[in-house]
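Chain A is fixed; fit chain B onto it per the hints.
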Amino acid sequence: GAGVSQTPSNKVTEKGKYVELRCDPISGHTALYWYRQSLGQGPEFLIYFQGTGAADDSGLPNDRFFAVRPEGSVSTLKIQRTERGDSAVYLCASSPHGTSGTDTQYFGPGTRLTVL
Amino acid sequence: DQQVKQNSPSLSVQEGRISILNCDYTNSMFDYFLWYKKYPAEGPTFLISISSIKDKNEDGRFTVFLNKSAKHLSLHIVPSQPGDSAVYFCAASSYNTDKLIFGTGTRLQVFP
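These protein sequences, in sequence, are chains A and B.
Going by our numbering, the residue at position 23 of the first sequence is 152; the numbering climbs one at a time, nothing skipped.
Going by our numbering, the residue at position 54 of the second sequence is 864; the numbering climbs one at a time, nothing skipped.
Bound conformation, chain A alone:
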């Protein structure tokens, strides 16, 4: 079956602009996660959805970052007033249940965001 997909694969924007990154999870997966990976680092947790609600948004760096999952499937990560430090690969993952702490998370290929 289809895995996690993310669009666009690459996004180049100018400082101060608004961007939206999209994630299509594996069909039927109730849990969805966003991570950010900077150069030379491991993925860093941003936010986790259980269904339509954000169960944990403790990783969002500031209020310029916002994510939604209105129908419990597709999710959009929104970044306002982008800064050069936002440049990174943004990874999305999904898991079947997300309630046990032991669910395997399946990652998409990521969106490479470059802020000029």
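Some clues are possibly wrong.
Partial selection, computed: residues in chain A whose CB lies under 7 Å from chain B [to be verified]: (1) F194; (2) F195; (3) L220; (4) T233; (5) P238.
In short, the hints are calculated from the structure, not lab data.
Please read these numbers as outputs of a predicted model, since none were measured by experiment.
C-beta: ideal position from N, C-alpha, C; glycine also.
Relative to chain A, chain B alone:
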């Protein structure tokens, strides 16, 4: 504060030999540990996991060992194959949360 540490940024191993990748953690609340493999331009792919109630888990050529007293885990790949060349990330989570805390990764190169 880096809660999950992979102190070796790279490792080079000859094909057929054993690869040993190491990971240390500081948070005693972690009770589930995973290894992910990542190829360039792809997302991380789940490899193997271990619960804190075990000290070893094996899946084919891959074995993960957990030493809770030392807060240390390792991934053994034997025999190593050129297709194993990738970046390997160690990750940890707690029972009451599903977010993964990743290490910085170790780049494994398996040469013929």
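Results for each hint:
For A/F194, the shortest C-beta to C-beta distance to chain B is roughly 15 Å, which exceeds 7 Å, and the interface hint is violated. The criterion of a C-beta within 7 Å of any C-beta in chain B is not met by A/F195, whose closest approach is roughly 18 Å, and the hint is violated. About 6 Å separates the beta-carbon of A/L220 from the nearest beta-carbon of chain B, less than 7 Å, and the hint is met. The beta carbon of A/T233 is positioned within 7 Å of a beta carbon in chain B (closest approach about 5 Å), and the interface hint is therefore held.
For A/P238, the shortest C-beta to C-beta distance to chain B is roughly 5 Å, which falls under 7 Å, so the interface hint holds.
Figure legend: structure checked against the earlier numbered hints; hints not met, in rising order: 1, 2.
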